[in-house]
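Once you have looked at the hints, place chain B on chain A.
2 protein chains.
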Amino acid sequence: MYAVILAGGSGTRFWPLSRKVRPKQLISVFGGKSMLQRTVERVLLLAPKRIIVVTNELQAKETTAQLEGIIAVPVDVIPEPLGRNTAPAIGLAAAIIARHDPEAVMTVFPADHFISDGELFRETLLTAREAALNGYLVTLGILPTRPETGYGYIEADRSLRGEGPYPVARFVEKPPMETALQFLESGNFYWNSGMFAWKVSTILDAMEELMPDLRQGLHRLEFPRIWDLADLNPQIREMYAETASLSIDYGVMEKAPNVMVVPARFGWSDVGSWSALPEVLEPDDGGNVIVDAAGSVAVDADGNIIYADGKLVGIVGVRDVIVVTTGDALLVCDRERAQDVKKVVEELERRGLQDYL
Amino acid sequence: MYAVILAGGSGTRFWPLSRKVRPKQLISVFGGKSMLQRTVERVLLLAPKRIIVVTNELQAKETTAQLEGIIAVPVDVIPEPLGRNTAPAIGLAAAIIARHDPEAVMTVFPADHFISDGELFRETLLTAREAALNGYLVTLGILPTRPETGYGYIEADRSLRGEGPYPVARFVEKPPMETALQFLESGNFYWNSGMFAWKVSTILDAMEELMPDLRQGLHRLEFPRIWDLADLNPQIREMYAETASLSIDYGVMEKAPNVMVVPARFGWSDVGSWSALPEVLEPDDGGNVIVDAAGSVAVDADGNIIYADGKLVGIVGVRDVIVVTTGDALLVCDRERAQDVKKVVEELERRGLQDYL
Numbered sequence: 001m002y003a004v005i006l007a008g009g010s011g012t013r014f015w016p017l018s019r020k021v022r023p024k025q026l027i028s029v030f031g032g033k034s035m036l037q038r039t040v041e042r043v044l045l046l047a048p049k050r051i052i053v054v055t056n057e058l059q060a061k062e063t064t065a066q067l068e069g070i071i072a073v074p075v076d077v078i079p080e081p082l083g084r085n086t087a088p089a090i091g092l093a094a095a096i097i098a099r100h101d102p103e104a105v106m107t108v109f110p111a112d113h114f115i116s117d118g119e120l121f122r123e124t125l126l127t128a129r130e131a132a133l134n135g136y137l138v139t140l141g142i143l144p145t146r147p148e149t150g151y152g153y154i155e156a157d158r159s160l161r162g163e164g165p166y167p168v169a170r171f172v173e174k175p176p177m178e179t180a181l182q183f184l185e186s187g188n189f190y191w192n193s194g195m196f197a198w199k200v201s202t203i204l205d206a207m208e209e210l211m212p213d214l215r216q217g218l219h220r221l222e223f224p225r226i227w228d229l230a231d232l233n234p235q236i237r238e239m240y241a242e243t244a245s246l247s248i249d250y251g252v253m254e255k256a257p258n259v260m261v262v263p264a265r266f267g268w269s270d271v272g273s274w275s276a277l278p279e280v281l282e283p284d285d286g287g288n289v290i291v292d293a294a295g296s297v298a299v300d301a302d303g304n305i306i307y308a309d310g311k312l313v314g315i316v317g318v319r320d321v322i323v324v325t326t327g328d329a330l331l332v333c334d335r336e337r338a339q340d341v342k343k344v345v346e347e348l349e350r351r352g353l354q355d356y357l
Numbered sequence: 001m002y003a004v005i006l007a008g009g010s011g012t013r014f015w016p017l018s019r020k021v022r023p024k025q026l027i028s029v030f031g032g033k034s035m036l037q038r039t040v041e042r043v044l045l046l047a048p049k050r051i052i053v054v055t056n057e058l059q060a061k062e063t064t065a066q067l068e069g070i071i072a073v074p075v076d077v078i079p080e081p082l083g084r085n086t087a088p089a090i091g092l093a094a095a096i097i098a099r100h101d102p103e104a105v106m107t108v109f110p111a112d113h114f115i116s117d118g119e120l121f122r123e124t125l126l127t128a129r130e131a132a133l134n135g136y137l138v139t140l141g142i143l144p145t146r147p148e149t150g151y152g153y154i155e156a157d158r159s160l161r162g163e164g165p166y167p168v169a170r171f172v173e174k175p176p177m178e179t180a181l182q183f184l185e186s187g188n189f190y191w192n193s194g195m196f197a198w199k200v201s202t203i204l205d206a207m208e209e210l211m212p213d214l215r216q217g218l219h220r221l222e223f224p225r226i227w228d229l230a231d232l233n234p235q236i237r238e239m240y241a242e243t244a245s246l247s248i249d250y251g252v253m254e255k256a257p258n259v260m261v262v263p264a265r266f267g268w269s270d271v272g273s274w275s276a277l278p279e280v281l282e283p284d285d286g287g288n289v290i291v292d293a294a295g296s297v298a299v300d301a302d303g304n305i306i307y308a309d310g311k312l313v314g315i316v317g318v319r320d321v322i323v324v325t326t327g328d329a330l331l332v333c334d335r336e337r338a339q340d341v342k343k344v345v346e347e348l349e350r351r352g353l354q355d356y357l
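Chains as they are written, first to last, in my numbering: chain A, 1 to 357; chain B, 1 to 357.
The list cannot tell twin chains apart, which means a pair is met if one copy fits it or any two copies do.
Under the rule of at most 20 Å between Cα atoms (straight-line distance), these lysine to aspartate or glutamate pairs were calculated in the DMTMM-like manner:
hint, residue 1, residue 2
1, Lys174, Asp270
2, Lys343, Asp302
3, Lys343, Asp285
4, Lys20, Glu349
5, Lys342, Asp302
Please keep in mind that the hints were generated in silico from the structure rather than gathered at the bench.
Next comes chain A alone, as it looks inside the complex (with noise of 0.2 Å):
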């Protein structure tokens, strides 16, 4: 098995912690250590012969370093030269690892979630493995836990089997709030997690149906007979220059007829921005999430999320504040708003103040 993991996020939910060079999956969001060494932790679960990182130009050194200390498997990190979505990092992965293996199962996963328990983590892994060797495109579909209108949903044709893996009924984008509930209570409905695994053949063929494309630029690529992929970068510039920017769920997982999903039932979150941290975090005994502090006093204060950069933390009589701080900014934010930083790096950005961004 080879596992594929996508960094090349850039999101601005994580600012001031977060920026451009800097984005939420190398960034230390709990403390310790980062999303993607997590991811990378959690990956070595599985065994793989191999582990391809696939980033972007900009972030290509900072994560080379973060997985510097890994030895127990190869770690491969491979630059896109621009942003093209899911489909081409996944097809670009695929058709390395086909070069040497066109039969290896390959699992993809996003560098910046949180999964809580490795174990079930293992376990849900080798039965979407087990379907990929029987030939399917494999999603892993988060069993949801309220009525989410931000993810979309996989509708799980549940008629004939058990436990799963369940054929897909279809996908669906996301959903207003109504059907969102409908959804949960139906119990066919998963969250559509951004996790797969296939045969490397698998994807490929799906790709020379779907994405034909696609399939044409990557096969046009020469790959070295090693693992030795440093020289690959100009093919692959010129190989994503003419290529289109599409997500594997709408290239190929939304079309195909062979696809199933797991459900997963490990605690998972995208931590999608500051306000997620409670649900990854157990909040102390004040009710207050505080990350990174030297210590802390609440007084009449809960519901507080709490960066404090090795700070020691005082908090007095407020509620439901985010209070970020970092060597060279600050922020501080409403919990129900928390989505809204975005807006803050926006006017960064329009004043051109780089060195915040």
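Same frame as chain A, now just chain B:
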């Protein structure tokens, strides 16, 4: 004229910026110069012969360091071995000046008050000096702007004179709200500011009469003929060990017959806590007071007070929150609860976290 600055305060309400060795008067609450430095600059407008700064041993070094740039006037820093309230500090300064110039006028200023109008300050002090030269103990009374229950009041006898100075009818301790409202409406009451002017001989004579023990202690001190006060410390230590802790208001002003109040119309604040900053600093266009920031972006946010320690600040969707970030600590506080910052400090003290006190 000689100026005496009382700089021994050790408040906790500006934590985490203020610490035991860097109390309010030594920190840059407004960004830029410290309150002590601003006080000295203001006092220089009065062209004093000499400035005597009374502080304590813990703060003497930093106090001296902060005053190093002043060359217009000689400055003496006198460290008290113990806090004994204002009467002994004022008595000590008076005795020192009396050694050289017993008929000089001596003005007294707290080091940690804010005054907006320097010219009006100068004019007011000239009026006070006039009354002092006529043998009065002069106190400056601030025109009240709200029914403050946290200050002492001075009732003036305004029956005879137009603009003041007025004889003092009585001193009143912190009043309940209803009384404070009456004071505000009557127009005869002033806030007790802790700023004074008198001849050195007048205050020492008053002490002879009203605080004879203190006066005896001062009599025993042997001052050098020149202004070289460095060797005084052992004598001061000995005297303070036997000196009662008493305020000049309680010890002298409330009992002396020759007390006058000069109305002070210059903008004044004792900057008692973080929530007082908007009295002193104009809020920005968004209605937030942001100090020492590299820049700021506010989205649907107002009434906040942010001390940014040089950082860029983003504020989203919050109201009336105080956030203070320093090198090693972070405070998040409701604006109505700024008085309770001391509870954080008390808890840190209880835990023995000396580094943060």
